[in-house]
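Colleague: In case you want the letters, here they are:
2 protein chains.
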Amino acid sequence: MVEDSLFTPRSVAIVGATSNPQKRGNSTIRFLERGAFRGAIYPVNPKYQEVLGYKCYPTLKEIPGPVDHVVCCLPAHSVPALAKECVEKGVKLLHVYTAGFSETGIPERIELEQQVIGISRQGKLRILGPNCMGVYRPSVGLAFNIHSPKETGSVSVISQSGGNASDLGRMASARGLRFNKVISYGNAADINETELLDFLGRDSGTKVVGAFIEGVRDMPGFLKTLSVVSRSKPVVIVKGGTTEAGARAAAAHTGAVASRESWDAVWKETEAVSVSNMEELIDVLLVFQSLRAPAGRNVGVIGIGGGDAIQAADDLEVAGLSVPGLKQETQAAMREFTPLPGTSVNNPLDLNVMRQGPELQRILELTAGEDAIHALIVVLRVDQTLGNPKGEKTFAEMMDTVEQFHATSPKPMIIVSRALGSLEAFAAGLKLQEKFDRIGVPVYPSITRAAHALGKFVRFVASSQM
Amino acid sequence: MVEDSLFTPRSVAIVGATSNPQKRGNSTIRFLERGAFRGAIYPVNPKYQEVLGYKCYPTLKEIPGPVDHVVCCLPAHSVPALAKECVEKGVKLLHVYTAGFSETGIPERIELEQQVIGISRQGKLRILGPNCMGVYRPSVGLAFNIHSPKETGSVSVISQSGGNASDLGRMASARGLRFNKVISYGNAADINETELLDFLGRDSGTKVVGAFIEGVRDMPGFLKTLSVVSRSKPVVIVKGGTTEAGARAAAAHTGAVASRESWDAVWKETEAVSVSNMEELIDVLLVFQSLRAPAGRNVGVIGIGGGDAIQAADDLEVAGLSVPGLKQETQAAMREFTPLPGTSVNNPLDLNVMRQGPELQRILELTAGEDAIHALIVVLRVDQTLGNPKGEKTFAEMMDTVEQFHATSPKPMIIVSRALGSLEAFAAGLKLQEKFDRIGVPVYPSITRAAHALGKFVRFVASSQM
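Going down the list, the protein sequences come from chains B and C.
The first sequence begins at -1 in my numbering and counts up by one.
The second sequence begins at -1 in my numbering and counts up by one.
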């Protein structure tokens, strides 16, 4: 099974290993170490006796034991010979990090790629790439950069772009997204989106699937697989290259033939969720990862300031959600301790200034206590709170109150944290993020983005219950 | 003229002045001090002899000199009496910070607001608010929070929401936006959006106008004024309360009657630019503030990574812009020093890794050197660069190269800075922001947002040249 050598290799050989820390043949080994990879690590390069403390082999053949997974950091013209060696050694998976193949559009380079694939088919060798970052799977220690979280999660992503795959790991750390597997698959000369998607559909570790796809070679096959997978778990897709210039860029990037028309069927005939960029992909994966499914589309908003409250209401309705008014008795109960000037105790609530302690606790309880409210969005204005006297104390108490409330509330909750105004606020925002990560509450940087992600989630839940 | 007392008061009295730093009657005085307000500052409160080192007067009447501008921090029920005192003292402008008037929907409170307006009309007193933050004008030292930049600029904004007005100052600091005047006008019981817009249209210090409007009382008058102003300078508007729930929130916030239908005429019959939230307002104001008008809609993109390049191309085309291919000879000239693997030297460019020094300089020159390219978007991946060995040095050189190129290039340029992955990257991003602020290059946190703002700018420029 290609899955085993891709995701659970017992040994990894790095061909083109080097002592130069600027090169991939060095960083790949460091990533494995950082990830505490428990299998064997074999640097391969005739120029070295040792790399980073590991015995370095002149060729693959010389490695004493079996090799499941080879990472190729050689120049493109050396790859066919390496593929041949892999076949002879009985390697299962060759990840070709190297670029400079069909994506260049140069006939000899296209030919070179075909040659590698031809050789692989003479054995049982499978190729990932060329022109890709490979596999990030924190639970076994596979990684392709030093920023990706070490913790494992339930989200898996396939990405034709290595930069996007890499970014995802980096950005995810700061957003509370945790991955099971991320696969950067580049030119998809052998292992492609359909095979990977099929695997993730069957993978018990994967609860949510994300994808950045530039082009699909076999659209009928892809559609068939996607239809099945997207009925069993959410599949969120960025289609890159939807415009003429975008398609040209995709062709230059991975040789992808990005046919726009054929994607209409994807959105019509499957349950896949369409998003338009990586930022939105993260937003939507996050809500699928972290939020319990709300029982309906009615949202209670706890805002600070009328502008925020209005924005929340507009954004939620535009996203297909609803912001119902609260019962008169609920409003009256809040009014008992909420000053009249500058506040609104109807949904969307405007608390005017950040409250904490028993008052905030009671407002959360009263709002969530209405049967008609299915989910909560709570806006925490980090920027503003820190600017006030006693800001830090207020901020800490406010987070504690929300956390305590969440522990006993059955209603799903999203936090909007506004913390981009200063370095101090950004740092406080990261702390807030960590705190809410731990209790599984997703955090968004704006009301608009929270509303948008929640809308996609609620629509998916509704359609999968039909 | 109400303008003088609003924007250039010779003296400001703070009624309800107090030693309690948590109260508006204290912070208002501190904001004036921080802003180095050069007029007279008169605290008024019979309970104090002195507040923050200023002599405190028991009543307005006791103040020896004339008073142009009064800030009211008293409870709502005391405001009619204060308005009467203002009329007697010959005050020109009463800013009613106090909330708890018509926005509550309570008949006696609506009546209270009308009473204040009635009294003001017995003299030449004008009312700003009630339920608002007042005026921020850095050049004279008027401010409503401690975060707003002290530097003056060319953008003026009117906002019915005090929270949004306040946020704008806070967020703007970190985005390079600089204001001439920001007016939070709340319930608009007297001075309203139309009068303020008319003034900003005639104001030579204001080059660009932004607005957050919840409701307009006199739509024909507003339309007439907006038609005139939006032909002479860009007017960018967030209409809050465009949905049913949003309109309910707007009514609770400032008593605004937000009729959705009537706004269709605003977008059809005037040159006003519509944006859907405060984040987008900042993005669009920034491009109008900082960018020279491009000669056309063709954009050259310098990206790092194929995923970025594709995203840029898609986003720009969706925004109504174009990403034309480069000439064969331009591509050949770049290829001389750009390695083949992992890069694309056609527009949108994919440099694979961040480059700096002469190579980046030459790439910028060659791209901008094509007549068909009217503007540049340069993506600087702060997150990724800092993660590399020698990251800080590379990052500094890269910024220098772009700055040097910009100094001699006639083509407008936008920077996309991706720096949200860690505290270190955010800090570096703020430095980058400051550097490019100084040379008037707008910086965006994502390609999508840069493309969107540039699209609105180019469309406005094209339509105003027709």
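Think of the hints as simulated: they come from the structure by calculation, not from any bench.
For every residue, glycine included, the Cβ atom is placed at its ideal position computed from N, Cα and C.
Where hints are given, some of them may not hold.
[As the list claims (entries may be wrong)] Chain B is faced by these chain C residues, among others (derived, beta-carbon under 7 Å):
1) Ala307
2) Ala331
3) Thr336
4) Pro339
5) Ala425
6) Gln463
Colleague: Now tell me if each hint is right for this structure.
Modeller: Results of checking the hints against the structure:
| no. | hint | in the structure |
| --- | --- | --- |
| 1 | Ala307 | holds, 5 Å |
| 2 | Ala331 | violated, 17 Å |
| 3 | Thr336 | violated, 12 Å |
| 4 | Pro339 | holds, 3 Å |
| 5 | Ala425 | holds, 6 Å |
| 6 | Gln463 | violated, 24 Å |
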